[in-house]
Amino acid sequence: MNTNSEVTKFSDRVDLLRSQVGLSDLKFYAGEVSESSPETFAHEANLMLDAIESQNCKPLLFNDTHSA
Amino acid sequence: MFLPMILATTRRIREDYKQYCLNASTLPLSVDEYLRRIEEYTDFQIELIEVNWRSHQIRGSIHRFDASRTAKIYVAPRREAPGKIGITYCEQRFVAVKEACHLLIDHEDTYTTAIAPLIESLVFPGSREINSLMEPMQSEVFAVVAAMELLFPFEQREEHIEQIAQGKLSYFDVANKFKVPERQVFWILSDMAHPALKKYHELLNDILKQRQK
Numbered sequence: 001m002n003t004n005s006e007v008t009k010f011s012d013r014v015d016l017l018r019s020q021v022g023l024s025d026l027k028f029y030a031g032e033v034s035e036s037s038p039e040t041f042a043h044e045a046n047l048m049l050d051a052i053e054s055q056n057c058k059p060l061l062f063n064d065t066h067s068a
Numbered sequence: 001m002f003l004p005m006i007l008a009t010t011r012r013i014r015e016d017y018k019q020y021c022l023n024a025s026t027l028p029l030s031v032d033e034y035l036r037r038i039e040e041y042t043d044f045q046i047e048l049i050e051v052n053w054r055s056h057q058i059r060g061s062i063h064r065f066d067a068s069r070t071a072k073i074y075v076a077p078r079r080e081a082p083g084k085i086g087i088t089y090c091e092q093r094f095v096a097v098k099e100a101c102h103l104l105i106d107h108e109d110t111y112t113t114a115i116a117p118l119i120e121s122l123v124f125p126g127s128r129e130i131n132s133l134m135e136p137m138q139s140e141v142f143a144v145v146a147a148m149e150l151l152f153p154f155e156q157r158e159e160h161i162e163q164i165a166q167g168k169l170s171y172f173d174v175a176n177k178f179k180v181p182e183r184q185v186f187w188i189l190s191d192m193a194h195p196a197l198k199k200y201h202e203l204l205n206d207i208l209k210q211r212q213k
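Listed in order, the protein sequences are those of chains A and Z. Number 24 in my numbering belongs to position 24 of the first sequence; there are no gaps in the numbering. Number 105 in my numbering belongs to position 105 of the second sequence; there are no gaps in the numbering.
You can take every hint at face value.
Quick look at which bits of chain Z chain A covers, simulated, 3 or more residues with Cβ under 8 Å:
hint, region
1, 24-35
2, 46-54
3, 70-81
4, 101-111
Taking beta-carbon pairs under 10 Å as the criterion, some of the chain A residues facing chain Z (in silico):
hint, residue
5, SER11
6, ALA30
7, SER36
8, SER37
9, ALA51
10, ILE52
11, PRO59
12, LEU60
Examples of chain Z residues toward chain A, derived with CB under 8 Å:
hint, residue
13, ILE58
14, ARG59
15, GLY60
16, ARG64
17, PHE65
18, ASP66
19, VAL95
20, ILE115
21, VAL123
These are computed hints drawn from the structure, not numbers from a lab. Since the model is a prediction, treat every value here as computed from it, not as a measurement. Glycine included, C-beta positions come from ideal geometry on N, C-alpha and C.
Start from the sequences and build out the full structure, keeping to the hints where you can.
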């Protein structure tokens, strides 16, 4: 097994986003990483991309404006 | 971008917020309104999306598309009960604003060019100090500072530091009041962050006074 398989897979997917849909930049906000490795983090990043690609998501609105 | 410039930018967004919000001092400060103000300031259209994955190590992400002036901010799902997968309402608010702040502060030098170093810096935060001159890593810290400037403005912090010191409030109380993660409140009010930010705010005030002369 390629020890960098998840990182490589995620990196390749980001490259595809760059070339196919014009992604300019990507950033993360990390959560609990005290027991993480780059591989487990990238695995979760791949799961997140899977969910985005399968449209397992919904618009988020806080409805917290104080205007009339 | 240097920190005083970031503080100047968040001050501008705060001023816009006060101008557009009828009840601008009402807490918690509005994330929806801030995102609108950041859209207007940056000329980016922001799409805020809750993604349903088993979030543990990642709370959110921003995908930026310069050619179309659009940005997609992905946020982890709301936790339905303590101990369940997902993040809290306060964390969702913070993630949304923190990721949007990347639109305020980032430039091409801070863009992520290689994924592996970015992931390593997130998984091993200590490496950020070693790599402190690397712009993408610096951008992460600055985005957190900028988000806290908006959600828990600097001018309101010292009174809360005093009240915490007097035992009148806890960090949790402050976090609950401003609807931001307690962890971020603890950090922004700590000796690690507050004195330095105070100096930068004073420096910015001096610069603005000089310009007015």
